[in-house]
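Here the protein sequences line up with chains A and B, keeping their order. In this text, residue positions in the first sequence follow this note's numbering: the first is 151, and each later residue adds one. In this text, residue positions in the second sequence follow this note's numbering: the first is 4, and each later residue adds one.
Because the hints were derived from the structure by calculation, they are not lab data. Honestly, I wouldn't trust all of these hints.
For lysine-lysine, the following DSS-like pairs were computed, each having C-alpha atoms within a straight-line distance of at most 30 Å [stated by the list, open to error]:
1) Lys321(B) x Lys165(A)
2) Lys165(A) x Lys184(A)
3) Lys311(B) x Lys165(A)
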Amino acid sequence: MFEAAYASRVPVLLKGPTGCGKTRFVEHMAWRLKRPLVTVACHDDLTAADLVGRYLVVDGETVWVDGPLARAVRAGAICYLDEIVEARKDTTVVIHPLADTRRVLPMEKLGEFLVAPPEFMLVLSYNPGYQSVLKELKASTRQRFVAMEFGYPASALEEKIVAAESGVASDVAAKLVRFGGMTRNLKGNGLDEGASTRLLVHAGHLIARGVAPRAACSGAITQALSDDPEMIAAVNELAAAVF
Amino acid sequence: MKHALSRRELEDRLDDMLFTVLSARRTAASLAGGLAELGRAQQDLALHWVHVAAQNTGELGFQVASMMPQALAAFDRAGVERWVLDALDVYDREGLHAASASLRDFGAFRRRVEGERAGVSLSEMARTLELFLRGLSGRSLGVEPADLAWTDTDTVYLPERIGARPDRESNRRLYVATAAFLWGQARYGTFNADLDAAADAASSDRERALAWIAVLEAMRIEGWFARQYPGLAGKLRELRAPWPEALVPVADSLAIEGASIDDTVGLLRAVARDAPPALPPWAGVLRVSRARRAREERMEREKKDLSKQIDALRESLKGEGLQPDDLQLEASYDTMEVSASLDGDSVEVSELVEQLVQSMMQDHGRVPDDLMAPSVDGTYAADAGASPPQEGGRAPEEHKEGGILYPEWDHRRGDYRKEWCALFESDVPPGDAGYVDRVKEKYRGPIAQLKRRFEALRGEDRLLRREPDGDGIDFDAVVEAWAEAKTGREPSDRLFTRRRRTERNIAAMFMVDMSGSTKGWINECEREALVMLCEALETLGDRYAIYGFSGWTRKRCEIYRVKTFDETLSPAVRARIAGVAPKDYTRMGVAVRHLTKLLNKVDARTRVLFTLSDGKPDDFHDGYRGAYGIEDTRKALIEARLSGVHPFCITIDREARDYLPRLYGPASWTIVDDVTQLPMKSAEIYRRLTA
Numbered sequence: 151m152f153e154a155a156y157a158s159r160v161p162v163l164l165k166g167p168t169g170c171g172k173t174r175f176v177e178h179m180a181w182r183l184k185r186p187l188v189t190v191a192c193h194d195d196l197t198a199a200d201l202v203g204r205y206l207v208v209d210g211e212t213v214w215v216d217g218p219l220a221r222a223v224r225a226g227a228i229c230y231l232d233e234i235v236e237a238r239k240d241t242t243v244v245i246h247p248l249a250d251t252r253r254v255l256p257m258e259k260l261g262e263f264l265v266a267p268p269e270f271m272l273v274l275s276y277n278p279g280y281q282s283v284l285k286e287l288k289a290s291t292r293q294r295f296v297a298m299e300f301g302y303p304a305s306a307l308e309e310k311i312v313a314a315e316s317g318v319a320s321d322v323a324a325k326l327v328r329f330g331g332m333t334r335n336l337k338g339n340g341l342d343e344g345a346s347t348r349l350l351v352h353a354g355h356l357i358a359r360g361v362a363p364r365a366a367c368s369g370a371i372t373q374a375l376s377d378d379p380e381m382i383a384a385v386n387e388l389a390a391a392v393f
Numbered sequence: 004m005k006h007a008l009s010r011r012e013l014e015d016r017l018d019d020m021l022f023t024v025l026s027a028r029r030t031a032a033s034l035a036g037g038l039a040e041l042g043r044a045q046q047d048l049a050l051h052w053v054h055v056a057a058q059n060t061g062e063l064g065f066q067v068a069s070m071m072p073q074a075l076a077a078f079d080r081a082g083v084e085r086w087v088l089d090a091l092d093v094y095d096r097e098g099l100h101a102a103s104a105s106l107r108d109f110g111a112f113r114r115r116v117e118g119e120r121a122g123v124s125l126s127e128m129a130r131t132l133e134l135f136l137r138g139l140s141g142r143s144l145g146v147e148p149a150d151l152a153w154t155d156t157d158t159v160y161l162p163e164r165i166g167a168r169p170d171r172e173s174n175r176r177l178y179v180a181t182a183a184f185l186w187g188q189a190r191y192g193t194f195n196a197d198l199d200a201a202a203d204a205a206s207s208d209r210e211r212a213l214a215w216i217a218v219l220e221a222m223r224i225e226g227w228f229a230r231q232y233p234g235l236a237g238k239l240r241e242l243r244a245p246w247p248e249a250l251v252p253v254a255d256s257l258a259i260e261g262a263s264i265d266d267t268v269g270l271l272r273a274v275a276r277d278a279p280p281a282l283p284p285w286a287g288v289l290r291v292s293r294a295r296r297a298r299e300e301r302m303e304r305e306k307k308d309l310s311k312q313i314d315a316l317r318e319s320l321k322g323e324g325l326q327p328d329d330l331q332l333e334a335s336y337d338t339m340e341v342s343a344s345l346d347g348d349s350v351e352v353s354e355l356v357e358q359l360v361q362s363m364m365q366d367h368g369r370v371p372d373d374l375m376a377p378s379v380d381g382t383y384a385a386d387a388g389a390s391p392p393q394e395g396g397r398a399p400e401e402h403k404e405g406g407i408l409y410p411e412w413d414h415r416r417g418d419y420r421k422e423w424c425a426l427f428e429s430d431v432p433p434g435d436a437g438y439v440d441r442v443k444e445k446y447r448g449p450i451a452q453l454k455r456r457f458e459a460l461r462g463e464d465r466l467l468r469r470e471p472d473g474d475g476i477d478f479d480a481v482v483e484a485w486a487e488a489k490t491g492r493e494p495s496d497r498l499f500t501r502r503r504r505t506e507r508n509i510a511a512m513f514m515v516d517m518s519g520s521t522k523g524w525i526n527e528c529e530r531e532a533l534v535m536l537c538e539a540l541e542t543l544g545d546r547y548a549i550y551g552f553s554g555w556t557r558k559r560c561e562i563y564r565v566k567t568f569d570e571t572l573s574p575a576v577r578a579r580i581a582g583v584a585p586k587d588y589t590r591m592g593v594a595v596r597h598l599t600k601l602l603n604k605v606d607a608r609t610r611v612l613f614t615l616s617d618g619k620p621d622d623f624h625d626g627y628r629g630a631y632g633i634e635d636t637r638k639a640l641i642e643a644r645l646s647g648v649h650p651f652c653i654t655i656d657r658e659a660r661d662y663l664p665r666l667y668g669p670a671s672w673t674i675v676d677d678v679t680q681l682p683m684k685s686a687e688i689y690r691r692l693t694a
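With the sequences and hints as input, model every part of the structure.
In structure tokens form, the structure reads like this:
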């Protein structure tokens, strides 16, 4: 699907909870398509200028410096805007002309219209799990994209991933995945998200280096999920139930 | 150092405190005698607690006074305090008789205190256990206190304290093990067979057979844990005595993969001839009929829910042009993973369906076949379980059951009365639908003015200058920096301008007095103030909610919903504003606590609790009037502030009374002396407060 979208020059929106492999997926596709990848982690103060570029004052001269988006367009790269909803609302608008048939990046301050080469591709990621009204993607933005939904992998596959990524034995990976599933049961009951595959891999790394499993789960997963002492106690008990 | 009080002085003071219960046979002199020998510090301590107890009832005060010398000899300062406070708690819960018994029983009190050091109470553990159980199963299991540990498969009942083990940590582990085991009974289907019938078939002694079932199930579930939750199995093993030698083969045979309740029942006849061994401490008791009832009700309910969901799923598949008759739902008993498929292709199912299927797997071991048959007409009767509409016009004495329980601060004790107020939420009965429009017409000029002023407050783009980083160049700063560089000074690097939208991120909760004392003008002005506030807040786009409060004794504290955070200013809300009417009394603390809780559920940077009331907190009959109510409300406001809420109190009062600073001290507050000013002022106050 991603390749078909790439061939048709349609931008892609990746939806899914944090740590389920969206970034890894884009990296993999960039490798498959043999294109450079420009990744921008969006934050709540990311401005249009941060993406497009701005004048900087260097030695008393004003010098134009391209932002990452402009560089990606020029290079015909895959530009990946991670967690786009974190960026300010007006920022998302600058990608609109890039994301439809025009495929141009207007650079007002430079008076230039940057036309994207056919190799260029725009990919956004977005986590629908934050159910905050402030963090919803505008319809005018999302309707320009082909959306691909990601979830946590099924347990058998997730076990393989955890084992392969972290180097733990398959029975340990299975326990980690079972524990992960239990924390996902708590989503919406005090946890915003359950443990992601990424966190399970982190815990796996620690275990592979000889950290006791319960301590590894507590450090890599429990403490990452919550600051609430009762929740931490409960999640630690869950880890203790498995290990 | 102050000198010790003489017998005479003590007698006078005790007389003052206890005159209501003293008589010719019960004199202050006899009490004073016991205290006269003590040092001044102990005398003061004694008098203090006698005073505290006497404020609840004189009788309790008298008893505290008469037992105080013994108590002082037996306990330290903190012990005496606990001794009195415990008795007052018992008094609140069970009355005078039980409270006197509690005072008299020094031995039990001492044991309790010692047990408490090592013991763990359910209230400390309840939330952790609930989360733990939810994590284990995904099906929510309540945790409730009871005399014994048992489960009806909907709720896990646990003792209020566990102090059987020598230290806190192992008592905690015992709680976790007990809760997990009871969850295991639900998860691995202990109640999926007719246990009474099985017991009768196996032995003439039903009780003994049931005791055996409990033992065998402990073995079987520990076996399941060993495979799926080895950590839990270890915990269970460590906390129980080893099985008797003769039973080890039985335990092994129940620990095999896939063992079900049928295996337990199958073994029952062979073992039930002998007396059963002692149950592990985490095994609780089996309450077969209660569990059966809960299970049947749940199965009924979930079957209905799931078939509704499946029908909806079928409809949506039909909408996609598919023929959904062969929809398959499956789940693995082992991992509880749910999958749905249609003609070999997998189909997405909602989380709700997943939960329902998982829950049914636990009760039936599979998804019942008849569910998958398409229902005849695809429609369902309305839920039979829906509650009937509430009746109005209750007698005031009537104590409703249920309600959300809140503690209340008793300043005389310097402690909370636990679970003291029962709070009920209901909608304000709608009033005249045209009311709001009439008020808007009446205040047309002021509202237009208000809107203009409030619009100015709305988040606007602001140009920030001299930023280290930004979209544009701040030329003033560049010129300055250039000049500085030329003169050899170090130029600033803050040369940019940046647009920044200052977003208002405020949630406001309005708490309106609906007590009887607002009758007349005050109520009229409160309603008008609400109309104005709604106009103002709609302009601003701030999130807000409006609730009224009133009450009649601690057992019936009422909160009336006018507008929740999720509602818009709909015609229904407008009608409810018109329906705000004087009700009963003003029990304010509990209302502050409840609304603070609601407010804290809203995700906002700033949370404001706005109270609108007249005069003092007051309630009928149980002593809320006066200092008690003021102190409780004050405490509730302090709690609100500590939880991150900004309380602001508007009080309508013609004479600025001296208690107001004490009452509203923890909050910001203001007095509106002319009630007709309230509509105009409250909007203005809100503007200033949130600008």
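Okay, the hints, checked on the actual structure:
1. Lys321(B) x Lys165(A): Satisfied, since the Cα-Cα distance of roughly 26 Å is no more than 30 Å.
2. Lys165(A) x Lys184(A): holds, 23 Å
3. Lys311(B) x Lys165(A): Holds: Lys311(B) and Lys165(A) sit about 28 Å apart, inside 30 Å.
When held up to the earlier numbered hints, the structure conflicts with none and fits them all.
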